[in-house]
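K.L.:
Sequence:
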Amino acid sequence: MSRAFTREVDDAPPPPILERAISSARNLVTPNGARQIEQAMESLDRQIGASGDNDALATLRRELRYWHARHARMEIVEPPEAPTTVTFGTYVAIKRGGETKHLHIVGEDEADPAAGTIAWTSPLARALEGARPGDVVEFEAGGREEEILVLSVKGASQ
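Converting from the sequence shown to this note's numbering requires adding 471 to each position, the first position being numbered 1.
Calculated directly from the structure, the hints in this document are not laboratory data. The beta carbon of each residue, even a glycine, is placed where N, CA and C say it ideally should be.
Beta-carbon label-pair distances, calculated as ranges: (1) G568 to A483: 49 to 59 Å; (2) R536 to E616: 39 to 49 Å; (3) G614 to A483: 35 to 45 Å; (4) R497 to S623: 23 to 33 Å; (5) D524 to D583: 21 to 31 Å; (6) V607 to D516: 45 to 55 Å; (7) T555 to P502: 13 to 23 Å; (8) R497 to T530: 24 to 34 Å; (9) I493 to P594: 17 to 27 Å; (10) T530 to E509: 14 to 24 Å; (11) E570 to P485: 38 to 48 Å; (12) D516 to E570: 39 to 49 Å; (13) P584 to D524: 30 to 40 Å; (14) S514 to V607: 40 to 50 Å.
Working from the sequences, and respecting the hints, build out all of it.
P.N.:
In structure tokens:
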């Protein structure tokens with residue numbers, strides 16, 4: 472095929488890998504969250520040292536830049552020992568939609584809603600902030616208001 476019939480796009484280098492978005496919120500983390508960030512950086516350092524694939528290296532380096540930025544801005548918050556209200560680091564039992572759910576309010580990077588850990592910046596955590604056992608919290612989700620009953624609030628050692 473004649474070179475005249477190839478598209479310039481075919482000859483272009485691949486686009487650069489976009490950086491991961493970094494939250495503008497304070498990077499509050501539990502002590503466990505701080506360990507997770509440090510472990511992620513150590514793991515990525517090892518992977519970078521062992522990788523010879525340039526495409527993989529670019530992705531690994533991007534991930535490492537993300538975790539370095541998160542590490543630089545992290546604020547380790549010790550969970551309260553005996554909290555009386557919902558706050559960062561607390562374990563909360565709620566009744567929502569007729570079901571009891573157990574939540575742990577943590578930093579953004581350590582959140583895993585399927586495992587019951589939610590980011591302190593999430594709408595649900597913000598709605599629960601400051602609530603006490605027995606309080607009913609109004610929460611707007613999906614365009615509708617629902618009531619959430621706070622059953623208990625516990626600290627790390629309870």
